[in-house]
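Chemist: Heads up: the protein sequence lines correspond to chains R and H, in order.
Following numbering that gives the first Met the number 0, the numbering of the first sequence begins with 0 at its first residue and continues without gaps.
Following numbering that gives the first Met the number 0, the numbering of the second sequence begins with 0 at its first residue and continues without gaps.
By construction, these hints were calculated from the structure, which means they are not laboratory data.
Small disclaimer: the values here were computed from a predicted structure and weren't measured.
Backbone N, C-alpha and C fix where the C-beta goes; we use that ideal spot for every residue, glycine too.
You may find that some hints are simply not true.
[To be verified] Quick look at which bits of chain H chain R covers, simulated, 3 or more residues with Cβ under 8 Å:
no., region
1, 6-18
2, 126-138
3, 143-153
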Amino acid sequence: MICRGRDTFKWGLKKGVGVNKDVQFYHSFTLEGVEYFLYDCVYLLNQPENYIGKLVKMYETPTGEKKVKVVWYFRPMEIREFLGAYEPRWNELFLASGEGDGVTNINLVDAIVQKCSVICTSNDKRNPQPSEEELRMADYIFSCTFDVEKMTISKNFTDQIAGIRVECYFNKTKDQRPRHSQTIKQHIKESIRKPELSSKVDGLAVKGSKFNRNIQVVKCEGSKFYRSIQVAKVLAESKKAIAGTHQQGFISNGNTRLNPKTGNDTNAQVDHKAKKLRLSGDYLAQNASNLQSHLKKKVLCRNKGDKITEELSHQLEQQKDVRTVSKTTEVQRRPDADKRRWFKWLPWEEIIQANKEERLILLENLDPSFTSSEVEDLVWHALNAKIKARMIEQSTFSSPQYGKALVAFRVKDAADSALNELRCRCLMLADGRCIVGKRASLRNPGKTATFNGHLVLNNKHRRISEDMRKAVSTSHFSQANNLEFELAIEWRLLQEKSNMWWKELHKQQLNEINEVRRQLQSSFFT
Amino acid sequence: MGSTAEAEYREFLEKVKRTVYIDNLSPRVTESVLITALSQFGVVKSVKFIPNYIESRDIPQCALLEMESQKQAKGVILDINRFSFMVSGMPRPVRARPAQAEMFDERPTKPGRKIHCRWLDSNDPDFEIGKKLKHLTQKHAAEASVLLKQQLEREEKLHRQQEEILKANYKKFELLNDVVKDKTATGLARYYNVKFRDG
Numbered sequence: 000m001i002c003r004g005r006d007t008f009k010w011g012l013k014k015g016v017g018v019n020k021d022v023q024f025y026h027s028f029t030l031e032g033v034e035y036f037l038y039d040c041v042y043l044l045n046q047p048e049n050y051i052g053k054l055v056k057m058y059e060t061p062t063g064e065k066k067v068k069v070v071w072y073f074r075p076m077e078i079r080e081f082l083g084a085y086e087p088r089w090n091e092l093f094l095a096s097g098e099g100d101g102v103t104n105i106n107l108v109d110a111i112v113q114k115c116s117v118i119c120t121s122n123d124k125r126n127p128q129p130s131e132e133e134l135r136m137a138d139y140i141f142s143c144t145f146d147v148e149k150m151t152i153s154k155n156f157t158d159q160i161a162g163i164r165v166e167c168y169f170n171k172t173k174d175q176r177p178r179h180s181q182t183i184k185q186h187i188k189e190s191i192r193k194p195e196l197s198s199k200v201d202g203l204a205v206k207g208s209k210f211n212r213n214i215q216v217v218k219c220e221g222s223k224f225y226r227s228i229q230v231a232k233v234l235a236e237s238k239k240a241i242a243g244t245h246q247q248g249f250i251s252n253g254n255t256r257l258n259p260k261t262g263n264d265t266n267a268q269v270d271h272k273a274k275k276l277r278l279s280g281d282y283l284a285q286n287a288s289n290l291q292s293h294l295k296k297k298v299l300c301r302n303k304g305d306k307i308t309e310e311l312s313h314q315l316e317q318q319k320d321v322r323t324v325s326k327t328t329e330v331q332r333r334p335d336a337d338k339r340r341w342f343k344w345l346p347w348e349e350i351i352q353a354n355k356e357e358r359l360i361l362l363e364n365l366d367p368s369f370t371s372s373e374v375e376d377l378v379w380h381a382l383n384a385k386i387k388a389r390m391i392e393q394s395t396f397s398s399p400q401y402g403k404a405l406v407a408f409r410v411k412d413a414a415d416s417a418l419n420e421l422r423c424r425c426l427m428l429a430d431g432r433c434i435v436g437k438r439a440s441l442r443n444p445g446k447t448a449t450f451n452g453h454l455v456l457n458n459k460h461r462r463i464s465e466d467m468r469k470a471v472s473t474s475h476f477s478q479a480n481n482l483e484f485e486l487a488i489e490w491r492l493l494q495e496k497s498n499m500w501w502k503e504l505h506k507q508q509l510n511e512i513n514e515v516r517r518q519l520q521s522s523f524f525t
Numbered sequence: 000m001g002s003t004a005e006a007e008y009r010e011f012l013e014k015v016k017r018t019v020y021i022d023n024l025s026p027r028v029t030e031s032v033l034i035t036a037l038s039q040f041g042v043v044k045s046v047k048f049i050p051n052y053i054e055s056r057d058i059p060q061c062a063l064l065e066m067e068s069q070k071q072a073k074g075v076i077l078d079i080n081r082f083s084f085m086v087s088g089m090p091r092p093v094r095a096r097p098a099q100a101e102m103f104d105e106r107p108t109k110p111g112r113k114i115h116c117r118w119l120d121s122n123d124p125d126f127e128i129g130k131k132l133k134h135l136t137q138k139h140a141a142e143a144s145v146l147l148k149q150q151l152e153r154e155e156k157l158h159r160q161q162e163e164i165l166k167a168n169y170k171k172f173e174l175l176n177d178v179v180k181d182k183t184a185t186g187l188a189r190y191y192n193v194k195f196r197d198g
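The task is simple: from the sequences and hints, build the whole structure.
Modeler: Right, here's the structure in full:
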């Protein structure tokens, strides 16, 4: 379950400002309903194959440009001249390293296509080893770096790459992965038990604003899941702020020594201290009431956090059961339904001419009354992929039972995995349709078709057939006193027969479909 | 938003009503040919050929013609189907029928419609049925493909037959023509004492 917000772009938590104070850095952002965190791997738009990189910085410039700094992964193809005897695995990448061009780039967030899962298989001690499951789910793996200066592949990782600690390039440890529902649970619990304590006094200054923002975050609309991530952060931060308040209290009392253990105090103790603070004069009383309101908010957050934890564990249990009771979902509008400005799809004619067949899938057994936009929603919802769809129009030979649509994915991998899903599982619609996906084989567009039924008169006969020739070049009704009339009647006869046999076929097929659909047990199918 | 979407959808349905679907068109037929051909029935507002992306065989073209009114569209369909109407060639006539919403590639989504879907995994009781349905879809597509192949073969056969008939007819024509041209006919007429006039 991934939160699908309606906003196209939203910044997440702030990280800090840059050297010149104009640039605001962030920990995360949400693009088209998907939340991207620092050190996530993404596909970046490129032809013919998207680039893959790791987000190491995300920031907004004073002019409002939203940018990301990316450290690149090279595909073996890109560095094939330097591979030497090294035989890369089919899904292996190489992490850029060293100094110079080609290690990093600054890109607009608009260039991001989607997330990409890249797992590090290096035996380096600093690298948390991936589980089998993770390896299986990974889009790509890497175990080597590629030095852009020396043009060499190496199994050794330097301490820093592009100024970022090498640990950030290795696999994330469990608690670094807040998006995973199981770890969120832990995350929340941990943040309740042992809050991080910011020992920096300047945390005090931003305390107020932080709290405001926290409350906003809690209020903000989103899926439970999304909120729970935020709440986890809120919890961590509220502890920080409380610790800060304590420090403030000590400072006011003339005690300049910071007690790093304050953060571990229980609520009651905090309350107790708050009472104590109230005794020490007007200024402090004011502080204390602030503190109390903070505490209230904190308790609120905590209650919410607990509730969400419960819900999450409930959900997790449900997910275990999901194998036997499939869940019905209503297809939601995809977040970018109305504005797709940031990714320019080519018109269909060009997609087809570009012969990107490996990215095209033909979906069959759709409801013929679906529109292209509804198919896009459906694929977004069921397969979690952004695509462009084109319903194939009903025409002379199409079955009224079967709607078909061409679907273009952005990357071949996404098309492959969608095909695989559709093959291994069954995507059912409420009317008992089971969607079939197959690789689209397109008609050669340049082919000029021959046409049976239009007789060409050769030169020898021109003389006598002058009238007929004229008739050919214009549109006309056939006259009864003409040979053409009789020939036309034969064609109409064939057309009538054709009508009948298609009708018969479709009737028969409908009967067969209904026969099978009747066997469906679940009440979901109407 | 709801009301504008509904209005858009209603407008689209109106457009469908005044549109005629024409098939059995030669690949040579262009938009301008169709407009000229159909202008004798009324005002053609737009022409849209339905592209063939996925059928690898040569199938006749088909097109949507939007007329000015539903009345005109009905008239077109009636006339074309009552007589044999030829466009850009003979003797295979074109066919016409009322257009359906599903024939348009760019059409608005029906307002308020909800789509529900569900994934079935291998231990769902309905999984096997789902697989059967998938199989059926493929089987039916194959059946349709075979039928189409047979139909195209029948068409080709008819085409050849007619070519023969036409050739034979031309031969007769030419024979008669030559007989007239080299005065054999006039000679014979004089011999049998019957009246004969050239032309």
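Chemist: Indicate, hint by hint, whether the structure satisfies it.
Modeler: Hints versus structure:
1. 6-18: Coverage by chain R is violated for the region 6-18 of chain H (0 residues, Cβ < 8 Å).
2. 126-138: holds (count 10)
3. 143-153: With 6 residues in contact (Cβ-Cβ under 8 Å with chain R), the coverage given for the region 143-153 of chain H holds.
Comparing the model with each earlier hint shows a violation of hint 1 alone; every other hint is respected.
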